[in-house]
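Visitor: Between the sequences and the hints, there should be enough to build the whole structure, so can you do that?
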Amino acid sequence: MKRGGDLAVTVLAGIIAVPLGLLIALLIRATTGGPVIFRQTRTGRHGREFAILKFRTMRDKRHEDEPDAPRITRLGALLRKTSLDELPQLWNVLRGDMGVIGPRPTLPEQVVHYSDRQRGRLAVRPGLTGWAQVRGRNSITWPERIELDLWYIEHHSLALDLRILALTVKVLLRPAGITAAGGVNPGFPAPAQPPAPAPAEPAPAEPAAARIVLPRQATATAPRLAREELRG
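As numbered in my numbering, residues -9 to 222 make up the sequence shown, in order.
One or more hints might be untrue.
[Said to hold, decoys possible] Distance condition first, Cα-Cα at most 30 Å in a straight line; then the derived DSS-like pairs of lysine-lysine:
1. K51 to K71
2. K71 to K(-8)
3. K44 to K71
4. K160 to K51
5. K44 to K160
6. K(-8) to K160
7. K(-8) to K44
[To be verified] Computed spacing ranges between beta-carbons, pair by pair:
8. L163 to V8: 13 to 23 Å
9. L162 to R19: 21 to 31 Å
10. G110 to L12: 36 to 46 Å
11. P98 to R49: 21 to 31 Å
12. G86 to G110: 35 to 45 Å
13. P25 to E56: 12 to 22 Å
14. R107 to D55: 29 to 39 Å
15. V102 to V159: 30 to 40 Å
16. H103 to L155: 23 to 33 Å
17. V159 to D55: 32 to 42 Å
18. L10 to K160: 18 to 28 Å
19. K(-8) to D50: 32 to 42 Å
By construction, these hints were calculated from the structure, which means they are not laboratory data. C-beta atoms are modelled at their ideal positions from N, C-alpha and C, and glycine is treated no differently.
Guide: Written out as structure tokens, the structure is:
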């Protein structure tokens, strides 16, 4: 039933999305050149990877170490602010990679850091929008977002989905939390690094007065006693 609702919403949205998407594609081609669509591998339901689609919002790098922020074009910034760069993901919904509502799909290199509990986030199809998206989006930490997604999975219902859709419209009209402070989403759970082993302390020098001088007979048998200890 949920899949049928996803398809119905996608077809209805496509009436507006297709002509709008064609216009955006022409603008990107005219201002930036190169490919119009950006593809990136994400992890979906049950850990299956797929290529998520977005409109390209950044120009090519001028040098290898150039950061992402200066590469965002004026058109790209507008597309991100209005979330119109996500329009091509309607195709991901039609393909069955995603649903309309669900946790946002994350990168495989992020998923490998999930705890067993957090992997519960992969029990459903990722979505265009979700409970975490309308409760703070990228302005909240990753652990908070994952907990909100897990709560949605445990409590999802038609009424909750309709509420999320209504809140999504509100977020689109009044954008907030598109990017975190500094452009970095804080607090992504990563495995704790084991503490570095403490350097071994050198054995204290034996005081000369404490040295025991064995008699000749005992000295002769010492190697044999040592070998017996190793065997035991």
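Visitor: All hints, please: hold or fail.
Guide: Right, here's what the structure says about each hint:
no.: 1; hint: K51 to K71; result: 22 Å, holds
no.: 2; hint: K71 to K(-8); result: 29 Å, holds
no.: 3; hint: K44 to K71; result: 14 Å, holds
no.: 4; hint: K160 to K51; result: 35 Å, violated
no.: 5; hint: K44 to K160; result: 22 Å, holds
no.: 6; hint: K(-8) to K160; result: 23 Å, holds
no.: 7; hint: K(-8) to K44; result: 24 Å, holds
no.: 8; hint: L163 to V8: 13 to 23 Å; result: 22 Å, holds
no.: 9; hint: L162 to R19: 21 to 31 Å; result: 25 Å, holds
no.: 10; hint: G110 to L12: 36 to 46 Å; result: 39 Å, holds
no.: 11; hint: P98 to R49: 21 to 31 Å; result: 26 Å, holds
no.: 12; hint: G86 to G110: 35 to 45 Å; result: 21 Å, violated
no.: 13; hint: P25 to E56: 12 to 22 Å; result: 18 Å, holds
no.: 14; hint: R107 to D55: 29 to 39 Å; result: 37 Å, holds
no.: 15; hint: V102 to V159: 30 to 40 Å; result: 35 Å, holds
no.: 16; hint: H103 to L155: 23 to 33 Å; result: 30 Å, holds
no.: 17; hint: V159 to D55: 32 to 42 Å; result: 40 Å, holds
no.: 18; hint: L10 to K160: 18 to 28 Å; result: 20 Å, holds
no.: 19; hint: K(-8) to D50: 32 to 42 Å; result: 39 Å, holds
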